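Engineer: Residue numbers (the numbering used here), protein chains in the order written: chain D, 1 to 354; chain P, 1001 to 1109; chain X, 2001 to 2345.
FYI, nobody ran anything at the bench for these hints, they're computed from the structure. Don't take every hint at face value.
Quick partial rundown of chain X residues pointing at chain P, CB under 8 Å, derived from the structure [unchecked claim]:
1. Arg-2043
2. Pro-2048
3. Gly-2049
4. Ile-2183
5. Pro-2247
6. His-2248
7. Ser-2251
8. Leu-2260
9. Glu-2262
10. Glu-2263
Note that this is a predicted model, so its numbers are computed, not measured. The beta-carbon is built from N, C-alpha and C at its ideal position, and this holds for glycine as well.
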Amino acid sequence: MTGFRQAQSPDAQSPGTEAHGNHTATLSMQQALNRALDEVLAENPKAVILGEDCGRLGGVFRITDGLQSKHGENRVFDTPLAESGILGMSVGLAMAGFHPIPEVQFDGFAYPAINQIVCQIARMNYRSRGKLPMPITLRVPSFGGIRAPEHHGESLEALFAHVPGLKVVSPSNPHEAYHLLKYAATRPDPVIFMEPKSRYWQKGDVDFSTADAPGTGSPTGAKVMREGRHLTLVAWGAMVSRCLQVAELAAEDGIDVEVLDLRWLKPIDADALVTSVRKTRRAVVVHEAPLTSGLGAEVAQLITHGCFDTLKAPVERVTGFDVPYPSGDLEDEYIPNIDRILFGIQRVLEYRRG
Amino acid sequence: MAEISFPLPDLGEGLIEATVLEWLVSPGEQVERNQPLVEVETTKSAVELPSPQAGKVVRIYGGPGDKINVGEPLIVFEVPDNTAGIVGTVPKEEAPKRRVRLSAVLDED
Amino acid sequence: MDTLPLPDDGNAAPPPTPDQLRELYSLMAAVRHLDVSAVAWQRQGIIPGYAPELGQEAAQVGSGYAVDTARDFVFPTYREMGVARAMGVDMVAYMSTHKATWHGGLYDPVKSRLAPIQAVVAGSVLHAVGWAHGQTLEQNDGVALAYLGDGASSQGDVHEAMNFAAVMKAPVVFFVQNNGWAISVPTERQVAGGSVAARAAGYGIPGVQVDGNDVVAVLEATRRAIAHCRSGNGPVVVEAMTYRRGPHSTSDDPGRYRSLDEERSGAGEDPLRRLRRRLLDDGIADDAFFAAAQAAAAAEETSIREGIEALGPRPGSEMFGLVFQETTPALQNQAASWREESEHV
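Build the full structure now, drawing on both the sequences and the hints.
Structural biologist: Here it is as structure tokens:
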């Protein structure tokens, strides 16, 4: 039997709704990332995608869907199941002049590759006195919120940001995803690209013509997603959209909240933090990762250092807890929810100097 | 929800049509990949066609005795617009809910 | 390939008795019914996801049945429902992992002799070596059974585990279920040389490849391997050749990477049908027995489903209380602030 063939393909990775002379389209983050990778492969013959199930299957989240059939098995290939192998092999590919774009299927499976990421990828440029750069873009579906099994909901940004020699970025919506991935995948240094998996399916307008319209900043900086006068919420990844919701709710109570999408978690755009908080004089940083030694501490220090004289209150942190990321039933207890963020804002608003 | 249609597959050896003997699933039913869908008869033999897809059956074409040509619609499935990743679920978009109200005297000094 | 010598006394383990064969069938029927039902539970919204083991019933029941839960300890992956059932683990507590109640499941790993469900591929093979070496140090005769798949065999930890165990003569059975697929990647693109058991030769330990769809063959090979370990001869690799008939998980779509024809030719004969045929041929079971086994499987599934449906979320306080044996002030503060801001919302 020759077998069934689908009469019409499901719309999961159709190109999205294009409009406005092809400069903008409404895409899910999955589609935006897929398109960015497609363009990177087309523009750079040395770019290669490798990982588990990224070829024929198109990735466990369909981010590489169709890329193997379009660009060939030499450009997009499945590896055996070994994260350390994928990242170690990426080092060798980079030494041979390629730009590897490896995928680790889930955040928690970057741990088996930590040795190669920390001891090799992050240091080869330094070790070789700049002769062996590591243009490696490691895509990691990250953070929680999808009721997945263990090791499928972790936030590793502080771990990566702490390693000298790595850069770290996380997009918050389809537009950011498209531009930040295209930018990251053309850099000569290793970038950990943390994709907020709970936002993969959310659609948004992508303006292909410019990375930053209608916002501000360079592709390497933070971005004001909502302007406000009274308090700055600092967030990244999936927490940006939650903070935008909180800002709307705060407005009902007469509090005008600015939302700053940090985007780059290393290097952090300290100027953007200081500019925003000098204006609002109050700041709350929100992240899913555990509190202790989380990136919120770094953000709070940068704000305190740059805005000490104008701050009305200590910078608050609303974060996950110092516990292993819980099973789905307890996920909503762990991830900062709207009320916990509002409590954090209230603490800052109530603060009076002693 | 999206619909996926499957036509009668080429049953091999140049056969161009088959006769429906019995449908083993009905609209509204959730079927799994490989689950027998329908028994059809060709000029050579009677065969059970297994489902190529997991999903909910929306429509079936042809009743017992009807001929269907290879390539013509046989069955339509309903599948979610968003496919979850290999594990986990697609989060539902819900309107934000709050319990906490903010109160502040903002001295704009 | 079979480099596993017979037990020291020169006699192979006795073949299963008719009672045992019927029990094996009943177990496989219960596992099959629960597995197929769990996929339906996911479609009905009772559980968020599940990793089916359809087609692996013989490999799982046959190996789990060989375990002596008074002495041995088993290290599962996330796809070992049939092993858990054959070992007599509480199945509501086991299936709770798929309801997203608690990652490792709610069963007691110490009492049940089954380590918590392991989500990291090849995550627990080295643990098995450590546990086994502990038996050597304590002069116990327990054997560790480490489950892994063809995909896991690519992980460096598997090499480390086999080498450590061989060097230290640790009593470990590395039980490989080669089910042909690691999500979308077939064994021929995963395992160079095509056999994990063949690697045993490089470590100087016995390796045996067994028909993983023949429950009796699996049981006998596992019993021999455990006996070999228990006699102080060091580790064994058993590779059960089977087939993942279902998707990798309830949200996987195998149509993207393999055809129905490939599935049919790769899967071989259904392991349940095969045992049924054998029991009939040997005259040790009749239609009434099979009907009763099926009815028992259905009743068991009903009871497990009711247990799963009745299972509420764990209290959020467990997030904080189970991190350490000795908690910290910071964690207590976070628990207090969680109670104030989130509990009972």
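Engineer: Indicate, hint by hint, whether the structure satisfies it.
Structural biologist: Hints versus structure:
1. With a least beta-carbon distance of about 5 Å to chain P, the hint placing Arg-2043 (chain X) at the interface is held under the 8 Å criterion.
2. A least Cβ separation of about 5 Å between Pro-2048 (chain X) and chain P falls short of the 8 Å threshold, and the interface hint therefore holds.
3. Hint status for Gly-2049 (chain X) relative to chain P: holds, with the closest Cβ pair at about 5 Å, below 8 Å.
4. Because the closest C-beta pair between Ile-2183 (chain X) and chain P is about 7 Å apart, less than 8 Å, the hint holds.
5. A least Cβ separation of about 7 Å between Pro-2247 (chain X) and chain P falls short of the 8 Å threshold, and the interface hint therefore holds.
6. At its closest, the beta carbon of His-2248 (chain X) sits 6 Å from a beta carbon of chain P; the interface hint therefore holds under the 8 Å criterion.
7. With its C-beta approaching chain P no nearer than about 4 Å, Ser-2251 (chain X) sits inside the 8 Å limit, and its interface hint holds.
8. Of the supplied interface hints, the one on Leu-2260 (chain X) holds, with its beta-carbon coming within about 6 Å of a beta-carbon of chain P, less than 8 Å.
9. Interface restraint check for Glu-2262 (chain X): the shortest CB-CB distance to chain P comes to about 12 Å, outside 8 Å, so the restraint is violated.
10. For Glu-2263 (chain X), the interface hint holds, since its Cβ comes within 8 Å of a Cβ in chain P; the closest pair sits about 7 Å apart.
In terms of the numbered hints stated before, the structure departs from hint 9 and from no other.
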